[in-house]
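Residue numbers (the numbering used here), protein chains in the order written: chain V, 1 to 246; chain A, 1 to 256.
I should point out that these hints are in silico values taken from the structure, not numbers from a laboratory. Fair warning: there could be bad hints in the mix.
Stated by the list, open to error - Away from chain V, derived, C-beta distances all over 10 Å, residues of chain A:
| hint | residue |
| --- | --- |
| 1 | D14 |
| 2 | L18 |
| 3 | Q29 |
| 4 | L48 |
| 5 | S71 |
| 6 | S86 |
| 7 | P148 |
| 8 | I199 |
| 9 | V231 |
Claimed, not checked - Pairs of lysine-lysine residues, derived as DSBU-like cross-links and limited to a Cα-Cα distance of at most 30 Å, are as follows:
| hint | chain 1 | residue 1 | chain 2 | residue 2 |
| --- | --- | --- | --- | --- |
| 10 | V | K215 | A | K6 |
| 11 | V | K215 | V | K6 |
| 12 | A | K81 | V | K68 |
| 13 | V | K117 | V | K67 |
| 14 | A | K6 | A | K216 |
| 15 | A | K134 | A | K34 |
| 16 | A | K6 | V | K67 |
| 17 | A | K216 | V | K67 |
| 18 | V | K79 | A | K216 |
Beta carbons are placed, not taken as given, at the ideal position from N, Cα and C, and that holds for glycine.
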Amino acid sequence: MIEFEKVSFSYGQRPILNDLSFSVQENERVAILGGSGDGKTTILKLIVGLLRPDSGRIRIDGEEINKKTEEELREVRIKFSMVFQEGALFDSLSVKENVAFPLREYTHMTEEEIDQKVRELLRRVGLEEAIHQMPEELSGGMHRRVAIMRSVAAFEPRMFLYDEPTTGLDPVSADVICRLILDLSQKGSGFIIVTHKMFDAFRLARRFMFLKGGKILFDGNREELQRSTIPEIRTFLRELSIQGNG
Amino acid sequence: MKYRVKEGLQHLQDFYRLSFQGLMGGVRQPFYFKDWIEQMDYAGSGSLFIVVLISLFIGMALSLQLSAELSRLGLKMYTGKVVGISIIREIGPVLTALIFAGRVGSGIASELGSMVLGHQVDTLRVFGVDPIKKLVTPRVWSAILMLPVLTIIGDTVSLFGAYYIAVFVSHQSGTFFWSSIRDILIYENVLAGSIKPFIFGFLIACISCYMGLSTKGGAIGLRRTTTRAVVLSFIVIIVADFILTRVLLYLLGFTV
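Pulled out of the complex, with its shape left as it was, chain V reads as follows:
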């Protein structure tokens, strides 16, 4: 479904990705690992056309998206559900209005139907009580649950893209988010999760990619990752053993 071919990208004069090539199938569960500033989030933004590569090709369902206009990219973007770091809820809108936002944009539902749908979605994540609250009144975990529900409100995405969904959360909230992610992928939709939390990555993903210096240092399954002798990966794995012992 997603294909990167020799993709390079830089922010101004700072190179981020360098000749990156990989492909991901629709039903795969992929974790992109790496340190801060190594381009993990950039990959997600390139997939949905929020950023354009300096060189190389990105194909979604075999179709090159590099030169598509914003209008044409709309068709590409509805194939994905993207949840940004910390949820990115609109802070001028209530929880209800946030979840209703895509419903108003994409559907012709009546106010009553929207209200019903929003309540149903929030009930799934135990947040129906918070329907009239503003984002500033929510905890980090609640923020992300609302954001995930908002991303699936209007349409069934073929693939989920999560940008550090559990970063900054306590273990209980992180567990709730992980269960929600797994629950949403039950219907066969795959996901790409960008994280530096190995514990959550191991719990969620089947395939692991490790980024360093704009290149993929590692691409393989859990067993291969655990056997890896790459020093950066060993450092990440150490966090796992600390959590395991703890």
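Once you have looked at the hints, place chain A on chain V.
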């Protein structure tokens, strides 16, 4: 150096594009009327108190200064005329625009900046919503529509302030003051003062939106873009005022 020039030109091109698209969004669907109303409320009624307060005191100070100076020349009765022309043609539009840039411009830049940093603008794009139509167009049009209204209110309040000083402090004739004001409310003066707020409003909103949407680098970046939006708006207002004054005086047949 070459990179800096290229980057500068890119910024200029992006600014022109955003300004044009922001303006044209007002005549192309979809229209986000709720956002228009919210922005008009924020820019208009939200700025009313500060505009009224500052205009009142500026009108009174101007009247005091001119009364003192003109009475030394034995021309005190012309206070109303000079104050009226100064306020309607020059001080009113510029002062209101500066207040507007300080309050509304900084608000726009910081709000959009924090939306960029919090990925809310990216979220809009992921949902297929054009951020220019949703965020820029309502702000640009609310500034274009509200700044002239605020200017008219500010001018009126300034004139009342000037009247109070002229009549109750400088002991001039109230009837003569108002008849002087009526004399200067001619087509040329009103036109010269009323075109400026539309253009200032457009410039303030475009600069603030552009600065806000190009925010990078966390809290420091947000502080930088908000400051830049206000400072640049101030400079552009003053420079544009000079150019507009020169052009309008020429077009309206005034001799300098």
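Do the hints match the structure? See the list:
No beta-carbon of chain V is positioned within 10 Å of the beta-carbon of D14 (chain A); the least distance is around 14 Å. With a least beta-carbon separation of about 13 Å from chain V, L18 (chain A) lies farther than 10 Å from that chain, consistent with its non-interface assignment. Against chain V, the non-interface label of Q29 (chain A) holds: every CB pair exceeds 10 Å, the least being about 13 Å. Under the 10 Å C-beta cut-off, the non-interface status given to L48 (chain A) relative to chain V holds; the minimum distance is some 21 Å.
Distance check for S71 (chain A) against chain V: the nearest CB is about 54 Å away, which clears 10 Å, and the non-interface claim stands. Taking the minimum C-beta to C-beta distance to chain V, about 40 Å, the non-interface status of S86 (chain A) holds against the 10 Å cut. Listed as a non-interface residue, P148 (chain A) keeps its Cβ farther than 10 Å from every Cβ of chain V; the least gap is roughly 26 Å. The claim that I199 (chain A) lies off the interface holds: its Cβ sits roughly 29 Å from the closest Cβ of chain V, which is beyond the 10 Å cut-off.
Residue-level check passed: V231 (chain A) sits 23 Å from the nearest beta carbon of chain V, beyond 10 Å. Restraint check for K215 (chain V) and K6 (chain A): the C-alpha separation of about 28 Å stays at or below 30 Å, so the hint holds. At most 30 Å may separate the alpha-carbon atoms for a hinted pair to count; K215 (chain V) and K6 (chain V) meet this at roughly 10 Å. The hinted pair formed by K81 (chain A) and K68 (chain V) fails the criterion: a straight-line CA distance of about 60 Å is larger than 30 Å.
Using a Cα cut-off of 30 Å, the hinted pair K117 (chain V) and K67 (chain V) is violated, with the two alpha carbons roughly 36 Å apart. Using a Cα cut-off of 30 Å, the hinted pair K6 (chain A) and K216 (chain A) holds, with the two alpha carbons roughly 19 Å apart. Proximity of K134 (chain A) to K34 (chain A) is assessed by CA-CA distance (about 10 Å); at most 30 Å being required, the pair is judged to hold. A C-alpha spacing of about 22 Å is found between K6 (chain A) and K67 (chain V), which places the hinted pair at or below 30 Å, so the restraint holds.
With a C-alpha separation of about 25 Å, the suggested pair K216 (chain A) and K67 (chain V) falls inside the 30 Å cut-off, and the hint holds. A hinted pair counts as satisfied when its Cα atoms are at most 30 Å apart, and K79 (chain V) with K216 (chain A) qualifies at roughly 28 Å.
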